[in-house]
Amino acid sequence: MSKSLPVDKVEDNEARARAMQSLLIEKEMLSTDAVDAIISKFEEDIGPMNGARVVARAWTDPEFKQQLIENSTEAINSEFGHTGMESVDVEVYENTSDVQHVVICTLCSCFAWPLLGLPPTWFKSGPYRSQMIKHPRKTLREDFNLDLDQDVEIKVWDQSAEVRYMVLPQRPDGTEDMDEEELAELVTRDSMIGVERIGDMSINELK
Amino acid sequence: MQFDNTISEIRKKEDLPESADELNFEAPWQARAFSIVLSLYQNGQFEWNEFQSRLIEEVQNDDSTTAENPLESVYYEQWISALENLLVEKDICDHDEIIERSNEFSTGKRDASEFVPGADHSHSH
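Protein chains in written order, with the working numbering: chain A, 14 to 220; chain B, 21 to 145.
Everything labelled a hint here was simulated from the structure, so no lab data went into it.
A portion of the hints provided could be inaccurate.
[Said to hold, decoys possible] On the chain A side, residues computed to face chain B include the following (Cβ under 8 angstroms):
hint: 1; residue: K40
hint: 2; residue: E41
hint: 3; residue: L43
hint: 4; residue: T45
hint: 5; residue: V48
hint: 6; residue: P75
hint: 7; residue: F77
hint: 8; residue: L120
hint: 9; residue: S138
hint: 10; residue: Q144
hint: 11; residue: I146
hint: 12; residue: L159
hint: 13; residue: D160
[Unchecked claim] The following label-pair restraints were derived from C-beta to C-beta distances:
hint: 14; chain 1: B; residue 1: S133; chain 2: A; residue 2: D190; range: 30 to 38 angstroms
hint: 15; chain 1: B; residue 1: D116; chain 2: A; residue 2: E87; range: 42 to 50 angstroms
hint: 16; chain 1: A; residue 1: I146; chain 2: B; residue 2: I112; range: 48 to 56 angstroms
hint: 17; chain 1: B; residue 1: K32; chain 2: A; residue 2: I167; range: 46 to 54 angstroms
hint: 18; chain 1: B; residue 1: V136; chain 2: A; residue 2: E92; range: 48 to 56 angstroms
hint: 19; chain 1: B; residue 1: G64; chain 2: A; residue 2: E218; range: 40 to 48 angstroms
hint: 20; chain 1: A; residue 1: D74; chain 2: B; residue 2: E46; range: 31 to 39 angstroms
hint: 21; chain 1: A; residue 1: E87; chain 2: B; residue 2: N123; range: 44 to 52 angstroms
hint: 22; chain 1: A; residue 1: E193; chain 2: B; residue 2: S28; range: 33 to 41 angstroms
hint: 23; chain 1: A; residue 1: N84; chain 2: B; residue 2: N123; range: 24 to 32 angstroms
hint: 24; chain 1: A; residue 1: S143; chain 2: B; residue 2: E46; range: 19 to 27 angstroms
hint: 25; chain 1: B; residue 1: E46; chain 2: A; residue 2: D58; range: 14 to 22 angstroms
[Stated by the list, open to error] Footprint (simulated), chain B over chain A, 3 or more residues, beta carbon under 8 angstroms:
hint: 26; stretch: 49–58
hint: 27; stretch: 191–197
We put the CB at the ideal spot given by N, CA and C, even for glycine.
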């Protein structure tokens, strides 16, 4: 096993990243264009708004919702085009009035990037990765201010290499007159991770 | 395991932008490391689990959340170390050549202009 370089400064990380890019370009395994394209894609096109559009579609189109729950990757790809991560499957779990789904990755903080963007710091942190699986109810209450009734069952989903999860929140009451675009605006990243429950919130709280 | 920060403290410290849509890389090297991995993967140079298993190894070895090590940097340092181990173990790069090339960048012998299209590539080849 090779050891990591003995560096801990930011400039050394920059040098390390550049060194690998430079060598890989020489070996014709990488192009700067491809690297830059991915960076700008993440900076411009990829973020939780992608997941929010999927959620809003599911709220307004029962047939799509059915497909989304039965075969999430295929439903998303056919309606919204590329998920951007070939061969990574996404599974969507639907919250109900008695079930709250929560997504974690205990081992390495993988995330459904194409739908949710980059993972927030807390999602990658040791405390979240270790505590949410052990004490979900307490963690949601103390760290996310989400105090669920005892009769709401919490299901924690730990991601694997091949599958990423996303939560389909419940549609909040009082949104009957809103169109898909307006609905998408209400959907937060945290509600799709499962640490926020927008289905229980009022329109005023959401806006 | 004992952690220095609670999730709540981390969430408070996290300088959350107005909208989570704005969440982005903190530093160019983080974006570079992340994108190199995704680009190689998309080109079929490795299976995702080959990278992931090395990332898991790095994460398990170094689960620190201390103030001196800002969490974002720690995560992408784990990411960059996992990439390096993958390249070396798959005989794509030699460990020494990575060190040598890193030194060339950190001493200014090379710079990022070699990644700019049309720039003078006097160092390459």
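| message | Output the indices of the hints that this structure fails to meet, ascending. | response | 2, 6, 7, 11, 12, 13, 14, 16, 17, 18, 23 and 27
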